[in-house]
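A.B. asks: Taken in order, these protein sequences are the chains called A and Z. Position 61 of the first sequence, counted from 1, bears residue number 61 in our numbering, the numbering being contiguous throughout. Position 33 of the second sequence, counted from 1, bears residue number 33 in our numbering, the numbering being contiguous throughout.
Just so you know, the hints here were simulated from the structure itself, not pulled from any lab data. Incorrect hints may have been included.
Per the computed footprint, the stretches of chain Z lying under chain A, defined by three or more beta-carbons under 8 Å from a beta-carbon of chain A, are [unchecked claim]:
hint, segment
1, 9-15
2, 20-30
3, 33-43
4, 58-71
5, 91-102
In silico EDC-like links for lysine to aspartate or glutamate, alpha-carbon gap of 16 Å or less [unchecked claim]:
hint, chain 1, residue 1, chain 2, residue 2
6, Z, Lys-72, A, Asp-21
7, Z, Lys-30, A, Glu-163
8, A, Lys-91, A, Glu-134
9, Z, Lys-57, A, Glu-145
10, A, Lys-120, A, Glu-102
11, Z, Lys-25, A, Glu-163
12, Z, Lys-72, Z, Glu-91
13, A, Lys-120, A, Asp-109
14, A, Lys-49, A, Asp-21
15, Z, Lys-23, A, Glu-85
16, A, Lys-91, Z, Glu-91
17, Z, Lys-30, A, Glu-164
18, A, Lys-91, A, Asp-119
19, A, Lys-18, A, Glu-100
20, Z, Lys-23, A, Asp-109
Ideal placement from N, C-alpha and C gives every residue a C-beta, glycine not left out.
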Amino acid sequence: MHTTSMNFAILSAARSVKSVDSVTPVTLHNLPKFVRSIIGYIISPRLQKLSFTLAEVCFRLRMMSQDVQRSDDTSLIDPELEQRESLDQLKQSILKQRGELERSYRELDPDGGAMPKLDKQIASLVQLMAEIYEVANELQWAIAEHDASYSERTKDFHASNQEELVAMLSRIAPAA
Amino acid sequence: MSGNNIITNIDGNNATFKKTFAKLKHQQRKEATFAFGQLFMMDTDQAPARLHFHPLKDRMVPSVLDPTKKVKVYTIHITADDTYKASFTLENGTAYLRVCGEHDQVDNSP
Chain A
1 MHTTSMNFAI LSAARSVKSV DSVTPVTLHN LPKFVRSIIG YIISPRLQKL
51 SFTLAEVCFR LRMMSQDVQR SDDTSLIDPE LEQRESLDQL KQSILKQRGE
101 LERSYRELDP DGGAMPKLDK QIASLVQLMA EIYEVANELQ WAIAEHDASY
151 SERTKDFHAS NQEELVAMLS RIAPAA
Chain Z
1 MSGNNIITNI DGNNATFKKT FAKLKHQQRK EATFAFGQLF MMDTDQAPAR
51 LHFHPLKDRM VPSVLDPTKK VKVYTIHITA DDTYKASFTL ENGTAYLRVC
101 GEHDQVDNSP
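Starting from the given sequences, assemble the full structure and let the hints guide the process.
C.D. replies: If you want it as structure tokens, here you go:
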């Protein structure tokens, strides 16, 4: 498994998601309507370019997930859960950027419907971000399931009743 | 009730399970502990609906007991809001825990 390229692909995905910032106007509150329209006109091509970028990110992550699921390589992909952590950060970034995007565009078009082309672009972008979130989660599961098949196993973590279960899980992580 | 489908033991020896379980937040670990507890004496043919017990589609993994053989992977929901799940294999009445993590489905609505 090409873990180095996978690491870079995940970092690159995170960078692309962060670039949503570049099309999120800081604040449009109380600006005249014609100014907001001009801003919308200027941002529209950038939104489209960003949509293509994020679609590629989604596709790449999905391909990686499928590769991992098909892999019969017995070496661990993510023994220290570093990629899991990177994907968690990517997911958190998506949620944050999505929220900022929606807030900004509510301010750009507070009454709704004045900029239908922009509305459609925003809706696509939001949907893309949701898909990237799902694919990032799918990749996390694919990697973890792969590694679970070949992980090291200890001998003394088992339980045959509730009390033993609580004790076992407390040894793995405190105050379970 | 078929005796062959009753879970009597839970195995947490898998390193991936231990690491992914430890990464859960405190409240999630608490709820997961309760969920895993529900597995004891569970008949897999009549699993409680709240656990959302089902096999993963098209997923066969090496058996813990005999790595030359492949077995199914099952999942249950481990938090009350169904946002987290755990996977395991079932072999001779033992649930061999594998992974804990966020469920696949996310809220697509803004």
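A.B. asks: Verify the coverage statement for the segment 33-43 of chain Z against chain A, using a C-beta to C-beta distance below 8 Å and requiring 3 or more qualifying residues.
C.D. replies: holds (count 4)
A.B. asks: Regarding the pair Lys-18 of chain A and Glu-100 of chain A, is the alpha-carbon distance no greater than 16 Å?
C.D. replies: Given that 16 Å is the threshold and the Cα spacing comes to 11 Å, the pair holds.
A.B. asks: Would the hint linking Lys-91 of chain A and Glu-134 of chain A be met if the CA-CA limit is 16 Å?
C.D. replies: 9 Å, holds
A.B. asks: Does the structure keep Lys-25 of chain Z and Glu-163 of chain A at a Cα separation of 16 Å or less?
C.D. replies: Violated, at about 21 Å.
A.B. asks: Against the 16 Å threshold, does the CA-CA distance of Lys-49 of chain A and Asp-21 of chain A hold or violate the hint?
C.D. replies: 13 Å, holds
A.B. asks: Taking a Cβ-to-Cβ distance below 8 Å as contact, does the segment 91-102 of chain Z have at least three residues touching chain A?
C.D. replies: Per the Cβ count (5), the hint holds.
A.B. asks: Below or equal to 16 Å on CA atoms is what counts here, so check Lys-57 of chain Z against Glu-145 of chain A.
C.D. replies: With Cα atoms ~13 Å apart, Lys-57 of chain Z and Glu-145 of chain A stay inside 16 Å; holds.
A.B. asks: Starting from Lys-23 of chain Z, check that the Cα of Asp-109 of chain A is at most 16 Å away, please.
C.D. replies: Judged against 16 Å, a Cα distance of about 41 Å means the pair is violated.
A.B. asks: Assess, step by step, whether the Cα of Lys-30 of chain Z is no farther than 16 Å from the Cα of Glu-163 of chain A, and give holds or violated.
C.D. replies: With Cα atoms ~14 Å apart, Lys-30 of chain Z and Glu-163 of chain A stay inside 16 Å; holds.
A.B. asks: Can you confirm whether the C-alpha distance between Lys-72 of chain Z and Glu-91 of chain Z stays at or below 16 Å?
C.D. replies: 10 Å, holds
A.B. asks: Taken at face value, is the distance from the CA of Glu-164 of chain A to the CA of Lys-30 of chain Z at most 16 Å?
C.D. replies: Judged against 16 Å, a Cα distance of about 15 Å means the pair holds.
A.B. asks: So if I understand the rule, the pair passes when the alpha-carbon distance is 16 Å or less; does Lys-120 of chain A with Asp-109 of chain A pass?
C.D. replies: Cα-Cα ~13 Å, so holds.
When held up to the earlier numbered hints, the structure conflicts with 6, 11, 16, 18, 20 and fits the remainder.
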